[in-house]
Each structure stands twice: as structure tokens, then as C-alpha cells.
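Chemist: Sequence:
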Amino acid sequence: MESLTSDLVAIDDYNFAVPKKKSFHPWHKPRKQYVRMEQWSYYIAELADELPGSNRTLTYFGLPGDDLLDIRCFGSTICEPRSMKLRFLGFNNSADAQSQDQTDLNISLDEVSKSPSYDPQSDIIPHDIRELVNDSSVAWQRTFQIGPYDVINLDLCDGFGAQSPGTFNKTYYNMVSRLLSVQARRKDPWLLLLTTRVGKAHVNRETLDRLAELYQTNLDDCRPFRTLSESRYNIGDAGSLAKAKDDEKGVQALFLTGLCKWLIGLSTSQNPPTILEVKNVLGYRVNAGAEVEDMISIAIRFNPTHALAKDPANLAAVPPVQFDECELATKALKRIGNLVDVDEYLTSQHEIRNEMVESMCQLLEPARYDCDEYRKLYSA
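The sequence shown begins at 2 in our numbering and counts up by one.
These are computed hints drawn from the structure, not numbers from a lab.
Backbone N, C-alpha and C fix where the C-beta goes; we use that ideal spot for every residue, glycine too.
Hints may be right or wrong, so weigh each one.
[Claimed, not checked] What follows is a list of derived Cβ distance ranges for each label pair:
{"id": "1", "residue 1": "Asp312", "residue 2": "Gly167", "range": "42 to 48 Å"}
{"id": "2", "residue 1": "Asp111", "residue 2": "Gly237", "range": "55 to 61 Å"}
{"id": "3", "residue 1": "Lys335", "residue 2": "Glu214", "range": "18 to 24 Å"}
{"id": "4", "residue 1": "Ser182", "residue 2": "Gln122", "range": "17 to 23 Å"}
{"id": "5", "residue 1": "Asp373", "residue 2": "Pro53", "range": "40 to 46 Å"}
{"id": "6", "residue 1": "Val139", "residue 2": "Ile108", "range": "21 to 27 Å"}
{"id": "7", "residue 1": "Gly167", "residue 2": "Asp373", "range": "23 to 29 Å"}
{"id": "8", "residue 1": "Gly167", "residue 2": "Lys250", "range": "24 to 30 Å"}
{"id": "9", "residue 1": "Ala202", "residue 2": "Gly338", "range": "29 to 35 Å"}
Model the full assembly from the supplied sequences, consistent with the hints where possible.
Modeler: So this is what it looks like as C-alpha cells:
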């Protein structure tokens with residue numbers, strides 16, 4: 002027996018790799034949780050309660066991070082209390098086998114898959130979201146297959162308007178246009194959540210000029226819009242609009258309002274047309290020295306009308322529904338003018354801030370973060 006074991010090498014204590022301590026990131030701050038709970042979750046829950054009784058699945062399109070915090074939140078706080086499933090399609094480059102963050106994403110996906118709200122048709126794909134503009138791409142095929150969606154959440158780290166317009170490359174403009182073509186199949190209302198950087202450094206000048214032209218049309222043709230614009234932003238004619246392009250507050254107003262007017266034009270030109278309603282606008286400063294809020298989250302609801310298209314031969318007796326663009330644009334401008342500065346609000350409301358800290362911990366702790374440390378950092 003000794004001869005059989007004489008060549009064996011003694012093994013000391015086994016040392017396993019200790020997982021690295023997970024660091025907190027800017028998107029873990031209480032202000033982000035306020036956006037997630039008081040805007041995203043609020044309006045998603047409102048929509049979920051209106052879905053037809055036989056529809057017990059909430060379909061969601063988004064950009065989840067490696068920890069899938071949004072998926073965890075919507076699954077536990079919205080879907081599970083309503084006995085609904087959450088079917089999601091997420092775009093995340095960490096899903097690529099070559100990504101260093103793939104392990105965290107795989108662990109998170111495994112955890113989420115064990116939740117009562119998980120729908121097995123859900124998927125995370127390793128592509129840039131803008132690739133869905135290509136008809137032959139996996140991104141487009143999966144987007145079309147799972148859609149249309151109850152909720153589209155475009156939580157962008159960069160600026161939606163940062164790229165040049167009018168090109169056939171992979172821009173956010175083309176991507177949103179493609180998503181709206183998917184959503185044209187919907188019979189029920191749906192929700193768009195868009196988070197984007199705003200400001201002169203984050204909006205392409207040509208894009209701003211084109212959106213400002215849309216703004217100018219309402220200054221010229223819509224008295225309620227012009228009156229509200231003058232009182233809120235001191236923009237009432239072509240001269241003041243031109244000056245606004247060089248002012249951070251003016252750029253914020255022109256970009257957000259012009260973006261909503263662009264979406265109004267796209268949605269009302271669909272067949273059947275869809276009516277856009279801005280529900281809520283929140284903002285905060287990524288750059289602490291920014292003159293105005295430079296990260297904006299806007300919640301937009303789209304209401305299909307089932308209206309008939311115009312009959313070019315006038316054979317049909319039922320007239321198409323007429324839409325008042327002036328009214329829609331004025332309502333959008335009013336919501337944008339009521340933008341809430343989340344940083345300022347949470348600084349003054351300590352109780353709400355601490356509620357957001359605890360709510361965030363409910364998401365972070367299952368994702369393997371040290372919540373005692375988080376409370377020390379962010380509690381009021």
C-alpha cells in the first residue's frame with residue numbers, strides 16, 4: 002500500500018477565490034431609486050391594473066444592468082402582488098461570453114429565474130440596442146418576436162440626441178422609430194420611459210436645430226403653447242428661441258419639448274394613430290456644476306385610438322378622428338415645465354430619502370451588496 006501512495010503529493014488547505022467586494026455606482030444612489038419607484042414603478046403599476054383580465058403577463062423591453070435591479074423591482078413590487086408574470090427582453094453587453102461582467106449577470110439571471118414572476122420566454126441578449134435597426138439582426142428578430150410591449154424603458158447613460166440626425170446608421174432616432182413600428186401592433190395603452198443626458202454638451206446642434214423648428218411651428222400656430230412658453234421659458238418668438246439654443250435652460254426646454262413633438266408626429270401618423278401623453282418628468286445633475294438638471298427621466302403614455310385611416314376615395318362613411326396637435330404639444334410643454342429636481346427634493350425631504358435608501362437596500366442585498374455600508378453612505 003505504501004508503494005501506491007508514495008508518489009502522492011500532500012495538499013495543504015484549499016484556497017478558493019473570494020468574490021470581490023461589490024462597489025456602489027452612481028446608479029445606486031437614492032435619487033435613482035426615487036425615479037425607479039415614484040416614476041417608473043408608479044406608472045407601470047397604473048398600466049398593469051388596466052391590462053385586460055385575461056392578460057396576466059407584463060411584457061417589458063429595457064436595458065438592465067448586470068444586477069437586473071429593474072427586473073427584480075418590477076417583478077417583486079408590481080407583478081407578484083398581481084399574480085402576473087414578467088416577460089422581459091433586455092439588451093446588455095455583459096451577456097457576451099467575452100465580457101468580464103458575465104458572471105455577475107449570470108448569477109443575477111439565475112436568481113431572477115427562480116422568482117414567481119419570471120416568464121421563461123424572457124431573454125437577455127448581448128447586443129447594442131441600436132442594432133435592431135437592421136432587419137437581419139438577432140436584436141431585431143427577438144425584439145419583434147417578443148413584442149409588442151407594455152413597457153419600453155430606455156435608460157440611456159448617454160444622450161439620446163447626441164448623434165447627427167438623418168443618417169441610416171445605428172442611431173437612437175432610428176432605433177425608437179423601429180420600436181414604434183413594433184408598438185403599432187398594440188391595441189392597449191403602453192408606456193415609454195426615457196432617461197437621457199440633456200444640455201449643450203449632450204445634444205447634437207443639428208438635432209437641436211431640427212427640434213427647435215418643431216417648437217417654432219407651435220409658437221407660430223398655437224396660441225396656448227406660445228403663452229405657456231413665454232411665461233415658463235421666456236421663449237415667444239423666433240428671436241428668443243434662437244437665444245435659447247445657447248442657454249442651458251433653453252436647450253433643456255427645446256430638446257425635451259421638441260423630442261415629445263417628434264414622438265407626437267410619429268405616433269399620430271401611424272395606422273391606426275396613437276395619442277401621446279407626457280405623464281411625469283424628473284431630473285438631477287450628473288455634473289454637480291451643471292446650470293440645470295442634466296439627466297432627465299420622462300414617462301410617456303401612448304394611447305391607441307383604433308381610428309380609421311382617411312379614405313382617399315371617400316367611399317367610407319365614417320370620418321377619421323382629428324387630432325389637435327396644438328393641445329397635445331401644450332400639455333407636453335406643461336409637464337416638462339413642471340420638472341422636479343430629485344436631488345433638491347431628497348435634500349429637503351429626509352424621511353423620503355431614507356425610504357429610498359431602505360427600498361434600494363431591498364434590491365441591493367439580494368444582489369450581494371453590503372447594505373450596512375450603503376446606509377452609512379446615503380442615509381440622511
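Chemist: Let me make sure I understand: some of the numbered hints might not hold for this structure. Which ones are they, in numerical order?
Modeler: 1, 7, 9
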